[in-house]
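Enquirer: Spelled out from the first residue to the last, the chains are:
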Amino acid sequence: MAGVGNVEGSASILASGPFSTVARSQYRALAEMRWSMFRNSLRTTKGALELGARTVAFAFYTVMGLGMAAGFGGGAYAIAAGGKWEFLPALFWVLFVMWQVVPVTLASFQEHFDMGGLLRFPVSFGAFYLLHLIFGLVDASTMMGGLCCAGIWIGLAIARPDLWAWVGLTLVLFAAFSILLVRAISAWLDRWLAQRRTREIVGALFFVGLLSMQLLNPAYWSSEKYPYMSAHTRAVGVRVLGRVNAMQRWLPPGLAAVELQRSAGSQAMPAMEGVSLLGIYVLGIGGVLGVRLRGEYRGENFGEAPARKRAERRSRSWLLDGSGPFAAVLEKEARVLMRAMPLIYGLATPLLMVFLLAGMFIHHGAAARHASAFSWLVSLAYAMVGFTQFFYNNLGPEGAGIQLLFLSPTPMRTIMLAKNLFHSILFVVDAILVCILASVRLGLPSPAAMAATAAWALFALPVYLAAGNLFSLRLPYRMNLGRITRQRGSQASALFSVGAGTFAACSFFGNLWMAVPILLALAFVAIIAWKKGIDKIDAMAARRSESLLAALVRAE
Amino acid sequence: METAAIQTRGLTRRFGELTAVDDVTFSVAQGQFFGFLGPNGAGKSTTIKMLTGLLEPSAGAIEILGQPFAAGSLDLKRQIGVVPEGMALFGRLTAPEYLRFVGRMYGLDRETANQRTDELLDFMQLSNETRKLVTDFSHGMQKKLALAAAVIHGPKVLFLDEPFEGVDAIAAGMLKAMLQRMISRGVTIFLTTHVLEIVERLCSHVAIISQGRLVANGSLDELRTGVASSLPGLEQGQRLTLEQIFLSIVGAAGQESAQELSWLA
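Residue numbers (the working numbering), protein chains in the order written: chain U, 1 to 556; chain E, 1 to 265.
Incorrect hints may have been included.
Said to hold, decoys possible - Capping the alpha-carbon separation at 25 Å, the derived lysine to any residue pairs in SDA-like fashion look like this: (1) U/LYS536 <-> E/GLY107; (2) U/LYS536 <-> E/LEU74; (3) U/LYS84 <-> U/LEU163; (4) U/LYS531 <-> E/LEU74; (5) E/LYS156 <-> U/ILE201; (6) E/LYS132 <-> U/MET341; (7) E/LYS132 <-> U/ARG478; (8) U/LYS531 <-> E/ALA71; (9) U/LYS536 <-> E/ASP75; (10) U/LYS84 <-> E/GLY72; (11) E/LYS156 <-> U/GLY324; (12) E/LYS132 <-> U/ARG335; (13) E/LYS132 <-> U/LEU163; (14) U/LYS536 <-> E/SER73; (15) E/LYS132 <-> U/LYS531.
Simulated from the structure, these hints should not be mistaken for lab results.
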């Protein structure tokens, strides 16, 4: 690190504070290192695209933050101008919860800067603490929280200009507490999420939570004809809320709001007490963070704590009893799938969404009793979206293991055949489930529609597989099985268009059965195309081996 | 004359303007422990990738066990084992699952693959980690697993790219013993490593590549003799270490004074 070598003796370095000459030179070196990393990342197209994506994300969060700030500001103004100070705690609590929850939900998708890496340098604890805080400041939650605090300050200051300084002081303390608490929580979470398994669990819980929230709306509307709460339940609820309200006044968000309420009522002494207590909270949470960071500074690494030993159990040969490379690839694919949350999520989400979206049509009278000819077709096309990453990047999950596929005496054709078969089985299972779900929600379509949909699936599957094999060899990318990515649905849309067009044309002529031979003929052509493609796969793989290995073996 | 286990003629690999491996010709006899050395970026891994079919040569020919070798030579691939640079592991499998998979990919039946898997896990001292995913293994454990995978099908030629990197001393000792046993049974081993002591102890023949060109090739004694004659200050009877030979050949000898750092105590 620049300048460190000029200082004599490590003892003096360790004794130096967070604002000493050495610490400042370390901050500069760190900033330069980060800048160099950023600049070097722009050398590649991927880096430039990432910068573009981050710029868009930053602009998005800024606009979102400004919108929220306007909302909080407006709310604060309305409360102060209307003299309804008792509602101010709600505003602070909403902001507080948002401040704490946003980084937790984003954590499993973000790359983390490992502060532990700094420990090999002579960085003082003060500098380590400060750097930890600074690295946490440039995130969406702090940015949005800061903007919302500014919004509240402006709103209150306009309504009560006499309180601007007092409001400012309170909001600074409140913001400091929120930032320190976020950092204290993330100091644990960062370590915890450093473990692959916990990171996946958090990611999965987040998405389950997200999907569960989608169920709230149907649940709400389906129960609208029933009374929400009995009188007794309401009375209990009010009593509990009263107790909660009494308690929240002693916690930082409530305390900040109550202290402002007191200052608005010219109660100087109680307000001073409130500010002092808020200051104690800030110092307290700063101390808690310090205890955690002190542990890290001394070399403790929570993330690498040894996992509890499980009872040894022999692995079961549960899937296929066959030998040979074909069965081996099938078995491997199944094992990898069951341990890759993003792949399972990709398969399961369309099922849930079909179930939910189908529910939207139940309320529209006729559709409830007479399922549309398109109901299975639309549902299947949507379910197919979940297979995009299976089909179009079927070598992506191999990572460095792709080398073995090239090193082994197994032809790539065998490997691709096994993968295609595995994905086809999955698709058939998914398709059956989707059709059952759609039928439960919307009723059975006509036999002609069912037959035509089956014929369409026979056409769509080989097209998907053939195109997928081609794309997998030509445009592979290393898939991070610990991270959930968006699906691309363009191909499914194109295939759906073929099916929908045929359905519509045949319906126009009054005979949907006509669609069956047409789609079966297309399916025949598609199967031949897939077969021709798979027969050429070895030659293609040999030609593309270098770029495949470069794309998949490369470290993330 | 016995067929060479590995034979290259004019092996060349270009990446655009850069010639990573330039007209390399050498031969490795069957049952030989062959050390392939070179400084960083000399072309060792590129050569090993070409020899194992992971990279197509721009020019030249490769023969393995007397037969022309290319990426599609499946019969030959059954007879070679490789620990490549990236280790070729599947992170989402456990060690037994991975070894069984590799065994079956190399044509072993399930029973044999299972039996050898258990033996290899015991041998590599990985039998206590059968529930752990490979992605959660330490680097050294991954190396041991990659080596186990390279030998599960009983190859006749073994290519090892830095196999001892990150492996602890106990395991390294066991691996060396295992490799020596393989040599005594007629297996040919092609080893690249930066640990010259290992090469000196294990290898009977050594080739050195520098800037893509083969600059030395022969038995250790041949290399010693060749280098000794070119070193003026050498005392009579002094036995050169491989490190001295290596530094002398790749041109790094005598640069100590130039590389001194004036400010370093």
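Enquirer: Indicate, hint by hint, whether the structure satisfies it.
Expert: These are the hints, each one checked on the structure:
Under the criterion of a C-alpha separation no larger than 25 Å, the hint pairing U/LYS536 with E/GLY107 is consistent with the structure, at around 23 Å. Between the alpha carbons of U/LYS536 and E/LEU74 the distance comes to roughly 16 Å, so the proposed pair stays at or under 25 Å and holds. Taking the CA atoms of U/LYS84 and U/LEU163, the gap is near 16 Å; set against the 25 Å cutoff, the hint holds. With a C-alpha separation of about 22 Å, the suggested pair U/LYS531 and E/LEU74 falls inside the 25 Å cut-off, and the hint holds.
Distance check on the hinted pair: E/LYS156 and U/ILE201 sit about 44 Å apart at the alpha-carbon level, beyond 25 Å; violated. For the hint linking E/LYS132 to U/MET341, the alpha-carbon distance of about 17 Å falls within 25 Å, and the restraint holds. Distance hint between E/LYS132 and U/ARG478 is fulfilled; the C-alpha atoms sit about 22 Å from each other, no more than 25 Å. With a C-alpha separation of about 23 Å, the suggested pair U/LYS531 and E/ALA71 falls inside the 25 Å cut-off, and the hint holds.
Between U/LYS536 and E/ASP75 the CA atoms are separated by roughly 20 Å; this keeps the pair inside 25 Å, and the hint holds. Using a Cα cut-off of 25 Å, the hinted pair U/LYS84 and E/GLY72 is violated, with the two alpha carbons roughly 80 Å apart. Taking the CA atoms of E/LYS156 and U/GLY324, the gap is about 21 Å. The hint holds against a cut of 25 Å. For a cut-off of 25 Å, the pair hint linking E/LYS132 to U/ARG335 stands: about 13 Å separates their Cα positions.
Taking the CA atoms of E/LYS132 and U/LEU163, the gap is near 60 Å; set against the 25 Å cutoff, the hint is violated. The straight-line distance between the Cα atoms of U/LYS536 and E/SER73 is roughly 16 Å, inside the 25 Å bound, and the hint therefore holds. For the given pair, E/LYS132 sits about 39 Å from U/LYS531 by alpha-carbon distance, which is inconsistent with the 25 Å threshold.
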